[in-house]
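The whole structure should be built from the sequences, with the hints applied where relevant.
Take the sequence shown: its position 144, counted from the start at 1, is 143 in numbering that gives the first Met the number 0, and no numbers get skipped.
Read the hints as simulated data drawn from the structure, not as lab findings. The beta-carbon is built from N, C-alpha and C at its ideal position, and this holds for glycine as well. Incorrect hints may have been included.
Subject to a maximum C-alpha distance of 30 angstroms in a straight line, what follows is the list of computed DSS-like cross-link-like pairs (lysine-lysine) [claimed, not checked]:
#, residue 1, residue 2
1, Lys327, Lys369
2, Lys559, Lys519
3, Lys599, Lys223
4, Lys757, Lys857
5, Lys472, Lys519
6, Lys148, Lys223
7, Lys173, Lys223
8, Lys21, Lys40
9, Lys358, Lys369
10, Lys293, Lys327
11, Lys559, Lys479
Beta-carbon label-pair distances, calculated as ranges [unchecked claim]:
#, residue 1, residue 2, range
12, Val832, Asn132, 34 to 44 angstroms
13, Glu518, Glu876, 55 to 65 angstroms
14, Asn98, Tyr244, 32 to 42 angstroms
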Amino acid sequence: MAMHGMRGLSVFISDIRNCQNKEQERQRIDKELGNVRNRFKNEKGLSPYEKKKYVWKMLYIYMLGYDVDFGHMEAVSLISAPKYPEKQVGYIVTSCLLNENHDFLRLAINTVRNDIIGRNETFQCLALTMVGNIGGREFAESLAPDVQKLLLSSSCRPLVRKKAALCLLRLYRKNPDVVNVDGWADRMAQLLDERDLGVLTSSMSLLVALVSNNHEAYWSCLPKCVKTLERLARNQDIPQEYTYYGIPSPWLQVKTMRALQYFPTIEDPYTRRTLFEVLQRILMGTDVVKNVNKNNASHAVLFEALALVMHLDAEKEMMSQCVALLGKFIAVREPNIRYLGLENMTRMLMVTDAQEIIKRHQAQIITSLKDPDISIRRRALDLLYGMCDVTNAKDIVEELLQYLSSADFTMREELSLKAAILAEKFAPDLSWYVDVILQLIDKAGDFISDDIWFRVVQFVTNNDDLQPYAAAKVKEYLEKPAVHETMVKVSAYILGEYSHLLARRPGCSPKEIFGILHEKLPTVSTTTIPILLSAYAKILMHTQPPDQELQSQIWAIFNKYESCIDAEIQQRAVEYFALCQKGAALMDILAEMPKFPERKSSLIKRAEYSEADTAEQSAIKLRAQQQPSNALVVTDQPPANGATSPVPVGPLSLAMVPSMITTEDHTSTDPALSQQNGSLTKVDPQHPSADLLGDLLGPLAIEGPPGATVQSEYNAVSRLEGGPDAVDGSAIVPVEEQRNTVQPIGNIAERFHALCLKDSGVLYEDPYIQIGIKAEWRAHHGRLVLFLGNKNTAPLVSVQALMLPPAHLKMELSLVPDTIPPRAQVQCPLEVVNLRPSRDVAVLDFSYKFGTNMVNVKLRLPAVLNKFLQPIPVPAEEFFPQWRSLSGPPLKLQEVVRGVRPMPLPEMANLLNSFRLMICPGLVSPFI
Numbered sequence: 000m001a002m003h004g005m006r007g008l009s010v011f012i013s014d015i016r017n018c019q020n021k022e023q024e025r026q027r028i029d030k031e032l033g034n035v036r037n038r039f040k041n042e043k044g045l046s047p048y049e050k051k052k053y054v055w056k057m058l059y060i061y062m063l064g065y066d067v068d069f070g071h072m073e074a075v076s077l078i079s080a081p082k083y084p085e086k087q088v089g090y091i092v093t094s095c096l097l098n099e100n101h102d103f104l105r106l107a108i109n110t111v112r113n114d115i116i117g118r119n120e121t122f123q124c125l126a127l128t129m130v131g132n133i134g135g136r137e138f139a140e141s142l143a144p145d146v147q148k149l150l151l152s153s154s155c156r157p158l159v160r161k162k163a164a165l166c167l168l169r170l171y172r173k174n175p176d177v178v179n180v181d182g183w184a185d186r187m188a189q190l191l192d193e194r195d196l197g198v199l200t201s202s203m204s205l206l207v208a209l210v211s212n213n214h215e216a217y218w219s220c221l222p223k224c225v226k227t228l229e230r231l232a233r234n235q236d237i238p239q240e241y242t243y244y245g246i247p248s249p250w251l252q253v254k255t256m257r258a259l260q261y262f263p264t265i266e267d268p269y270t271r272r273t274l275f276e277v278l279q280r281i282l283m284g285t286d287v288v289k290n291v292n293k294n295n296a297s298h299a300v301l302f303e304a305l306a307l308v309m310h311l312d313a314e315k316e317m318m319s320q321c322v323a324l325l326g327k328f329i330a331v332r333e334p335n336i337r338y339l340g341l342e343n344m345t346r347m348l349m350v351t352d353a354q355e356i357i358k359r360h361q362a363q364i365i366t367s368l369k370d371p372d373i374s375i376r377r378r379a380l381d382l383l384y385g386m387c388d389v390t391n392a393k394d395i396v397e398e399l400l401q402y403l404s405s406a407d408f409t410m411r412e413e414l415s416l417k418a419a420i421l422a423e424k425f426a427p428d429l430s431w432y433v434d435v436i437l438q439l440i441d442k443a444g445d446f447i448s449d450d451i452w453f454r455v456v457q458f459v460t461n462n463d464d465l466q467p468y469a470a471a472k473v474k475e476y477l478e479k480p481a482v483h484e485t486m487v488k489v490s491a492y493i494l495g496e497y498s499h500l501l502a503r504r505p506g507c508s509p510k511e512i513f514g515i516l517h518e519k520l521p522t523v524s525t526t527t528i529p530i531l532l533s534a535y536a537k538i539l540m541h542t543q544p545p546d547q548e549l550q551s552q553i554w555a556i557f558n559k560y561e562s563c564i565d566a567e568i569q570q571r572a573v574e575y576f577a578l579c580q581k582g583a584a585l586m587d588i589l590a591e592m593p594k595f596p597e598r599k600s601s602l603i604k605r606a607e608y609s610e611a612d613t614a615e616q617s618a619i620k621l622r623a624q625q626q627p628s629n630a631l632v633v634t635d636q637p638p639a640n641g642a643t644s645p646v647p648v649g650p651l652s653l654a655m656v657p658s659m660i661t662t663e664d665h666t667s668t669d670p671a672l673s674q675q676n677g678s679l680t681k682v683d684p685q686h687p688s689a690d691l692l693g694d695l696l697g698p699l700a701i702e703g704p705p706g707a708t709v710q711s712e713y714n715a716v717s718r719l720e721g722g723p724d725a726v727d728g729s730a731i732v733p734v735e736e737q738r739n740t741v742q743p744i745g746n747i748a749e750r751f752h753a754l755c756l757k758d759s760g761v762l763y764e765d766p767y768i769q770i771g772i773k774a775e776w777r778a779h780h781g782r783l784v785l786f787l788g789n790k791n792t793a794p795l796v797s798v799q800a801l802m803l804p805p806a807h808l809k810m811e812l813s814l815v816p817d818t819i820p821p822r823a824q825v826q827c828p829l830e831v832v833n834l835r836p837s838r839d840v841a842v843l844d845f846s847y848k849f850g851t852n853m854v855n856v857k858l859r860l861p862a863v864l865n866k867f868l869q870p871i872p873v874p875a876e877e878f879f880p881q882w883r884s885l886s887g888p889p890l891k892l893q894e895v896v897r898g899v900r901p902m903p904l905p906e907m908a909n910l911l912n913s914f915r916l917m918i919c920p921g922l923v924s925p926f927i
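Given below as structure tokens:
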């Protein structure tokens with residue numbers, strides 16, 4: 000039944016193309032799949048031609064996006080066919096349909112090995128191509144020696160050798176042990192002497208992987224790489240087929256410079272001089288032309304050369320030349336080139352002395368903020384943020400404020416955050432800093448996070464000379480017809496504390512200040528009203544002699560809100576009204592807030608933890624290194640309320656975000672220990688409250704002695720975890736004092752709480768590793784998979800994971816490898832069996848080493864009680880009989896939780912569903 004050209008396959012493809020809609024296509028494919036399945040059942044009656052034809056049809060159906068869950072064995076069996084047409088089909092379809100973990104691939108290992116060690120070069124190429132695409136760890140262990148022999152063989156054609164190099168690269172990534180470091184350094188140097196550019200390019204890809212793992216063993220390859228780069232730069236002995244738009248093998252040039260970046264330095268003066276001559280030639284010979292393809296190739300080489308120049312810390316003259324070239328690029332019309340110029344200029348900020356050279360292009364960079372392309376505007380913002388220092392901070396921040404009014408809504412939050420950080424770090428004086436923050440709130444109030452206005456409140460509180468100026472400025476903003484609610488919050492706080500300093504100025508009497516604030520009361524939400532009530536109480540306290548009319552107005556407001564449905568507003572109104580009856584004692588109770596202790600800036604933390612690409616990270620690292628302005632310091636005035644003397648607040652200290660739930664640590668047996676972010680920190684129990692602004696703005700926040708605390712209120716997830724140690728909510732268990740120099744990325748407590756309500760996500764992340772979890776729960780059994788991802792180009796070693804399960808959980812963790820290769824991810828299954836109900840939480844004791852950093856963290860695993868619940872629907876007629884059959888009491892529990900925002904019923908139902916609880920709508924209790 001041999002048909003010339005596979006007529007059956009051609010007819011099937013034609014039928015698919017002639018289908019009028021998706022439904023017709025589905026019907027035709029289902030029909031064909033049924034036909035192929037029936038023919039495969041009677042495999043003995045199939046000729047090699049028919050089997051080949053049907054396997055081709057399976058591949059075509061798979062390429063259209065349909066699932067093909069049969070016929071895999073037939074495809075694998077074609078690999079062992081003696082003739083090329085069938086063998087080709089077998090290798091191609093197997094590579095497409097199967098992955099490296101498929102069981103059927105084990106059946107083909109011997110056949111593939113026979114093809115590799117055979118003398119048929121065509122079969123060798125087919126086998127190497129398949130292994131290079133889907134080869135896994137088993138292939139690496141079985142085939143690596145044979146692939147190495149092919150690569151080093153002088154009798155093989157270049158076509159086979161370059162495929163062998165790429166195949167060995169795949170096997171090395173799957174199992175680094177297949178390449179013996181001691182024996183491969185000389186062999187790798189020998190491969191770099193290869194004259195054929197195809198083999199050389201593939202070998203260079205292999206070298207990049209090898210040196211990224213261990214550059215020490217391959218120092219002998221460094222001169223060979225420089226020699227190869229010199230040969231390409233001089234266009235010596237380069238075949239025409241490897242010249243792309245006049246550029247000699249740009250792919251090989253990029254790979255060679257990438258490999259050189261893994262060596263820390265070049266000691267040999269001749270080699271270093273030769274390399275710099277080559278880089279100089281590349282820098283001088285690159286320009287913008289009209290041909291897009293040539294531009295892409297030449298700029299790929301150029302930007303890799305710039306990365307190598309930065310890595311080698313070249314002379315200042317060459318750095319100036321690089322910046323001048325990038326300055327030319329950011330002024331061209333082509334948007335892609337402008338983007339790359341801005342991105343690489345941002346990276347160059349990390350190089351010593353480069354920042355002063357980049358400042359010469361400040362005007363052009365500011366112009367890029369108005370570019371129609373948002374990606375270019377983002378890059379310009381990153382670059383301005385990175386190049387800012389004390390000398391140009393005012394100009395850059397003023398430009399950002401001016402741009403804020405017309406900026407995209409998607410950029411305004413990032414723009415506001417960066418402008419606030421720059422203003423804080425490089426402020427020439429305190430009044431300028433206050434002006435900038437108030438302008439930010441006025442122009443982009445919706446995009447200003449609480450961290451920003453908390454920070455300005457901290458500086459105003461800690462600097463007595465600044466308080467009258469800040470109070471006068473916020474009064475000016477409040478007098479505008481339309482004021483953002485964030486401006487009302489910061490104004491209410493500052494005027495409540497310091498409006499008495501303006502009492503002698505015209506228009507600033509207590510009654511007038513109260514009138515300005517009270518005008519905004521009808522326009523604000525329930526989160527702002529408590530701050531306004533606090534401001535009213537402070538204004539009344541500072542009114543000397545007492546003003547009966549003002550007192551009556553404020554008392555009337557307190558009386559009005561005594562019956563408010565919001566618990567916090569109601570409590571403040573009741574307590575402030577009661578306090579106002581105390582007369583002279585009110586002065587002591589509502590005394591001025593004490594100074595804030597020293598903390599790292601939460602704005603800087605947010606910038607560090609935000610998801611950022613390489614260029615933005617360069618700017619953020621530079622921000623952390625630069626010297627700040629000396630303007631933002633505090634005075635040494637003694638605080639009120641008898642608090643201890645404040646610690647000076649540095650320009651990067653943290654204005655703590657006020658928590659809506661203030662907590663007292665009930666877990667530690669030592670009162671001098673407090674838990675924060677998974678580590679134990681020594682604190683002085685006589686110091687003021689750790690969050691003074693939170694004490695003011697949180698519930699029950701009447702200013703009393705600074706050390707006073709409020710009874711804790713547990714959130715939903717904390718209650719689920721159980722035990723008082725869950726109040727802090729940290730996902731890291733402080734078993735012992737941890738002195739990790741590596742800080743986690745993001746809020747670990749939030750990650751843990753999120754995983755208590757969902758089955759997949761990130762549990763822990765730092766600059767070197769990311770630990771993810773994917774879980775599946777069935778009754779009292781759970782199966783979790785830990786994903787350990789190495790984010791760097793060097794391996795993580797001494798990896799250890801130890802499970803610390805509570806008594807009610809039986810846990811079995813699979814073997815965790817001692818080393819995680821670069822840019823690799825390791826999966827570690829974990830079986831969990833719940834023996835009985837309990838609130839205790841399992842702990843993962845995880846440690847690894849990266850360079851000189853030894854990291855050890857203890858992470859709570861989200862194997863919590865609700866994961867083992869199984870929701871079941873119960874009809875109304877069955878619910879109440881089952882309810883009555885329950886043994887009790889109590890059959891009902893009720894508890895009022897304060898400080899929680901109102902929740903719509905659908906959102907509440909979704910929350911309960913995430914706890915694996917079933918909602919039974921429509922039930923009416925017969926007892927009511």
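Okay, the hints, checked on the actual structure:
no.	hint	result
1	Lys327 to Lys369	holds (18 angstroms)
2	Lys559 to Lys519	holds (16 angstroms)
3	Lys599 to Lys223	violated (48 angstroms)
4	Lys757 to Lys857	holds (21 angstroms)
5	Lys472 to Lys519	holds (17 angstroms)
6	Lys148 to Lys223	holds (22 angstroms)
7	Lys173 to Lys223	holds (27 angstroms)
8	Lys21 to Lys40	holds (29 angstroms)
9	Lys358 to Lys369	holds (19 angstroms)
10	Lys293 to Lys327	holds (18 angstroms)
11	Lys559 to Lys479	holds (27 angstroms)
12	Val832 to Asn132: 34 to 44 angstroms	holds (39 angstroms)
13	Glu518 to Glu876: 55 to 65 angstroms	holds (58 angstroms)
14	Asn98 to Tyr244: 32 to 42 angstroms	holds (37 angstroms)
Checked against the numbered hints given earlier, this structure breaks only hint 3.
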